[in-house]
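If you number the sequence shown the way the working numbering does, the last residue is 143 and the count never jumps.
Hints are not guaranteed to be accurate.
In the SDA-like style, the derived pairs of lysine to any residue whose C-alpha atoms are separated by at most 25 Å in a straight line are [said to hold, decoys possible]:
(1) Lys141 with His109
(2) Lys126 with Asp37
(3) Lys5 with Arg23
(4) Lys13 with Lys69
(5) Lys126 with His111
(6) Lys83 with His8
(7) Lys5 with Glu128
(8) Lys69 with Gly29
(9) Lys141 with Gly129
(10) Lys5 with Leu58
(11) Lys5 with Asp24
(12) Lys13 with Ala27
(13) Lys13 with Asp82
(14) Lys83 with Trp48
(15) Lys21 with Val108
(16) Lys5 with Ala121
(17) Lys69 with Asp49
(18) Lys83 with Asp24
(19) Lys5 with Trp48
(20) Lys69 with Glu80
(21) Lys69 with Lys83
(22) Lys13 with Asp133
(23) Lys5 with Pro91
(24) Lys5 with Ala27
(25) Lys5 with Asp133
(26) Lys126 with His8
(27) Lys83 with Thr9
(28) Lys13 with Arg117
(29) Lys141 with Ile55
(30) Lys5 with Glu102
(31) Lys5 with Val127
(32) Lys126 with Arg38
(33) Lys83 with His94
(34) Lys21 with Ile55
(35) Lys83 with Arg23
(36) Lys69 with Leu58
(37) Lys69 with Arg101
(38) Lys5 with Arg101
Keep in mind that the hints were calculated from the coordinates and are not lab data.
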Amino acid sequence: MFYGKHEHTVDEKNRLTLPAKFRDALAAGVVLARGIDRNIDVYPRGSWDASVERIAELDSLTREAREMKRFVFAGATVSELDKQGRVLVPPALHRHARLGREVVVAGVHDHLEIWDRAAWADHVTKVEGSADDVAERLAEKRV
1 MFYGKHEHTV
11 DEKNRLTLPA
21 KFRDALAAGV
31 VLARGIDRNI
41 DVYPRGSWDA
51 SVERIAELDS
61 LTREAREMKR
71 FVFAGATVSE
81 LDKQGRVLVP
91 PALHRHARLG
101 REVVVAGVHD
111 HLEIWDRAAW
121 ADHVTKVEGS
131 ADDVAERLAE
141 KRV
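Make a model of the complete structure from these sequences and hints.
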């Protein structure tokens, strides 16, 4: 399980050192993909298939399903961590997430998210302002 917020920097070669506590879980490789919220999703290679199963099952006869599949699968890339625990962030994903030098690596249960640090701060501020309302709506759906 991935959790916590970790502040890191992207070097001049677009490499990002991932948090040391997650490296064993990522040793078999990772899949980097465009995140819906202008971030980069990082999945352990072994759990990528299970993580995208819902998207793969969407009916490709609908425009929305085709667009979602293109968004996720065409933007994904397989990578490995180097000996220092760094992963290369491809230019297209770097542009998608509008990454600067300073980033946040956030643990989100089954994957990591890479955010530009300023974008992360803005996102957290917005979420904090509505978390109680969202919690109530989600609780109502469970009943």
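Hints, verified against the model:
Between the alpha carbons of lysine 141 and histidine 109 the distance comes to roughly 21 Å, so the proposed pair stays at or under 25 Å and holds. Using a Cα cut-off of 25 Å, the hinted pair lysine 126 and aspartate 37 holds, with the two alpha carbons roughly 13 Å apart. Pair hint lysine 5 plus arginine 23 holds up; C-alpha atoms about 15 Å apart against a cutoff of 25 Å. The straight-line distance between the Cα atoms of lysine 13 and lysine 69 is roughly 29 Å, outside the 25 Å bound, and the hint therefore fails.
The suggested pairing of lysine 126 with histidine 111 holds, with an alpha-carbon distance near 22 Å, which does not exceed 25 Å. The suggested pairing of lysine 83 with histidine 8 holds, with an alpha-carbon distance near 17 Å, which does not exceed 25 Å. Between lysine 5 and glutamate 128 the alpha-carbon distance is near 15 Å, which keeps this suggested pair within the 25 Å criterion. Of the pairs offered as hints, the one joining lysine 69 and glycine 29 holds, with about 22 Å between alpha carbons and a cut-off of 25 Å not exceeded.
Between lysine 141 and glycine 129 the alpha-carbon distance is near 21 Å, which keeps this suggested pair within the 25 Å criterion. Distance check on the hinted pair: lysine 5 and leucine 58 sit about 32 Å apart at the alpha-carbon level, beyond 25 Å; violated. Taking the CA atoms of lysine 5 and aspartate 24, the gap is about 18 Å. The hint holds against a cut of 25 Å. Our distance criterion of 25 Å between C-alpha atoms is met by lysine 13 and alanine 27, whose separation comes to about 21 Å.
For a cut-off of 25 Å, the pair hint linking lysine 13 to aspartate 82 stands: about 13 Å separates their Cα positions. Pair hint lysine 83 plus tryptophan 48 holds up; C-alpha atoms about 22 Å apart against a cutoff of 25 Å. About 14 Å separates the Cα atoms of lysine 21 and valine 108, which keeps this hinted pair within 25 Å; it holds. For the hint pairing lysine 5 with alanine 121, the CA-to-CA distance comes to about 11 Å; that is within 25 Å, so the pair holds.
In summary, the hint linking lysine 69 to aspartate 49 is supported, as the alpha carbons are separated by about 13 Å, within the 25 Å threshold. Distance hint between lysine 83 and aspartate 24 is fulfilled; the C-alpha atoms sit about 12 Å from each other, no more than 25 Å. Between the alpha carbons of lysine 5 and tryptophan 48 the distance comes to roughly 21 Å, so the proposed pair stays at or under 25 Å and holds. For the given pair, lysine 69 sits about 23 Å from glutamate 80 by alpha-carbon distance, which is consistent with the 25 Å threshold.
Annotation: proposed proximity of lysine 69 to lysine 83 is violated, straight-line Cα distance about 33 Å (limit 25 Å). The suggested pairing of lysine 13 with aspartate 133 is violated, with an alpha-carbon distance near 42 Å, which exceeds 25 Å. Proposed proximity of lysine 5 and proline 91 is supported: the alpha carbons are some 23 Å apart, at most 25 Å. A distance of roughly 20 Å separates the Cα atoms of lysine 5 and alanine 27; the hinted pair therefore holds under the 25 Å criterion.
Only pairs whose Cα atoms come within 25 Å are accepted, and lysine 5 paired with aspartate 133 is accepted, the gap being roughly 23 Å. The suggested pairing of lysine 126 with histidine 8 holds, with an alpha-carbon distance near 22 Å, which does not exceed 25 Å. Restraint check for lysine 83 and threonine 9: satisfied, since their Cα atoms lie roughly 17 Å apart, inside the 25 Å limit. In summary, the hint linking lysine 13 to arginine 117 is supported, as the alpha carbons are separated by about 18 Å, within the 25 Å threshold.
Among the hinted pairs, lysine 141 with isoleucine 55 is consistent with the structure: their alpha-carbon atoms are about 22 Å apart, no more than 25 Å. As the CA atoms of lysine 5 and glutamate 102 are separated by approximately 13 Å, the hinted pair is consistent with the 25 Å bound. For the proposed pair lysine 5 and valine 127, the alpha carbon gap of about 15 Å is at most 25 Å, so the pair holds. Proposed proximity of lysine 126 and arginine 38 is supported: the alpha carbons are some 15 Å apart, at most 25 Å.
As the CA atoms of lysine 83 and histidine 94 are separated by approximately 22 Å, the hinted pair is consistent with the 25 Å bound. Pair hint lysine 21 plus isoleucine 55 does not hold up; C-alpha atoms about 29 Å apart against a cutoff of 25 Å. A threshold of 25 Å between alpha carbons decides the hint, and for lysine 83 with arginine 23 the separation of about 10 Å falls inside it, so the pair holds. Of the supplied pair hints, the one linking lysine 69 and leucine 58 holds, its CA atoms being roughly 8 Å apart against a limit of 25 Å.
Taking the CA atoms of lysine 69 and arginine 101, the gap is near 29 Å; set against the 25 Å cutoff, the hint is violated. For the given pair, lysine 5 sits about 16 Å from arginine 101 by alpha-carbon distance, which is consistent with the 25 Å threshold.
Taken one by one, the earlier hints fail for this structure at numbers 4, 10, 21, 22, 34 and 37, listed in ascending order.
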